[in-house]
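Visitor: Using the sequences and the hints given, assemble the complete structure.
Residue numbers for the sequence shown follow the UniProt record's numbering, beginning at 1 and rising by one.
Read the hints as simulated data drawn from the structure, not as lab findings.
It should be emphasised that the depicted structure is a prediction, and the values quoted were computed from it without experimental measurement.
Just so it is clear, CB atoms sit at the ideal spot from N, CA and C, and this is done for glycine as well.
Don't take every hint at face value.
So the derived label-pair ranges between C-beta atoms look like this [what the hints assert, rightly or not]:
hint, residue 1, residue 2, range
1, S131, K244, 36 to 44 Å
2, L76, G123, 18 to 26 Å
3, E201, S64, 48 to 56 Å
4, D126, A224, 36 to 44 Å
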Amino acid sequence: MPAKVVVIGSLNMDLVTRAPRLPRGGETLIGESFSTIPGGKGANQAVAAARLGAKVSMVGCVGSDAYGEQLRGGLLAEGIDCQAVSVEEGASGVALIIVDDNSQNAIVIVAGANGALTPEVLGGVDEVLQSADVIICQLEVPDATVGHALKRGRELGKIVILNPAPASHTLPVDWYACVDYLIPNESEAAVLSGLSVDSLETAEAAAAHLIAAGAGKVIVTLGAQGLMFANGTSFEHFPAPRVKAVDTTAAGDTFVGGFAAALASGKSEVDAIRFGQVAAALSVTRAGAQPSIPTLLEVQAFKS
Numbered sequence: 001m002p003a004k005v006v007v008i009g010s011l012n013m014d015l016v017t018r019a020p021r022l023p024r025g026g027e028t029l030i031g032e033s034f035s036t037i038p039g040g041k042g043a044n045q046a047v048a049a050a051r052l053g054a055k056v057s058m059v060g061c062v063g064s065d066a067y068g069e070q071l072r073g074g075l076l077a078e079g080i081d082c083q084a085v086s087v088e089e090g091a092s093g094v095a096l097i098i099v100d101d102n103s104q105n106a107i108v109i110v111a112g113a114n115g116a117l118t119p120e121v122l123g124g125v126d127e128v129l130q131s132a133d134v135i136i137c138q139l140e141v142p143d144a145t146v147g148h149a150l151k152r153g154r155e156l157g158k159i160v161i162l163n164p165a166p167a168s169h170t171l172p173v174d175w176y177a178c179v180d181y182l183i184p185n186e187s188e189a190a191v192l193s194g195l196s197v198d199s200l201e202t203a204e205a206a207a208a209h210l211i212a213a214g215a216g217k218v219i220v221t222l223g224a225q226g227l228m229f230a231n232g233t234s235f236e237h238f239p240a241p242r243v244k245a246v247d248t249t250a251a252g253d254t255f256v257g258g259f260a261a262a263l264a265s266g267k268s269e270v271d272a273i274r275f276g277q278v279a280a281a282l283s284v285t286r287a288g289a290q291p292s293i294p295t296l297l298e299v300q301a302f303k304s
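Guide: The following block contains the structure:
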């Protein structure tokens with residue numbers, strides 16, 4: 001059987017518009033296109049892990065609206081186990097996304113049903129966590145739920161990955177010791193460490209700070225610069241595969257899902273990192289969140 005990855009997190013409908021640039025405060029721009037695309041950091045990472053070879057279970061909540069039906073149906077179509085995706089009365093989560101001509105984006109998230117994913121709900125699906133090899137969390141569901149998941153993952157002896165996104169504040173101190181792999185991007189690493197992160201050297205300093213806080217290992221993703229990996233004794237820079245970017249919306253999620261799938265399948269850390277990087281590189285060559293995530297065959301066929 002393929003390795004089992006359990007993703008605990010958000011499911012959002014992405015409402016995406018493209019514009020020549022991001023608007024300034026108080027400004028109205030004429031957009032170029034609009035689309036609705038299944039997303040949410042949790043669901044994106046689940047889809048990435050599934051397409052990249054893992055057996056995946058999703059834990060989350062959707063609303064009783066049409067978006068909720070589409071979000072759950074989309075995961076089922078990917079072969080993802082959704083027994084722990086509950087339907088809550090009301091609206092599903094949404095993300096309002098603007099993508100500019102340079103492939104940069106600005107995002108506003110409304111939690112909706114994602115806010116209903118409580119520690120009590122998680123406790124009711126504990127058998128799903130017990131079945132995991134790898135547990136992945138992010139920060140688009142309540143903090144109390146993330147903390148419960150991290151601690152339960154540690155108790156069960158699972159590989160625990162935390163993608164601290166979106167990061168608007170420092171993490172609770174007791175979370176770090178529960179995390180095997182902490183995977184922030186530059187801005188998230190800056191928020192968590194209190195340090196500016198704008199180069200390989202500053203990424204190294206931030207990673208060292210987060211390991212000192214108790215994280216097992218840290219991977220700071222740096223977009224076109226690749227990533228910085230810190231394991232507590234050394235640092236290693238992994239350059240990014242070279243591709244022409246179209247839309248960076250789900251690159252981080254694709255890396256996390258690909259890294260988790262590869263790690264769970266028995267690949268070494270280095271091979272899992274490179275696998276995740278290729279998957280992320282392929283994702284930025286296409287528009288959208290989940291539609292941009294590549295398959296295992298595409299990653300295996302990639303040549304930089």
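Visitor: Checked against the structure, which of the hints given earlier come out wrong?
Guide: Violated hints: none at all, because every hint is consistent with the structure.
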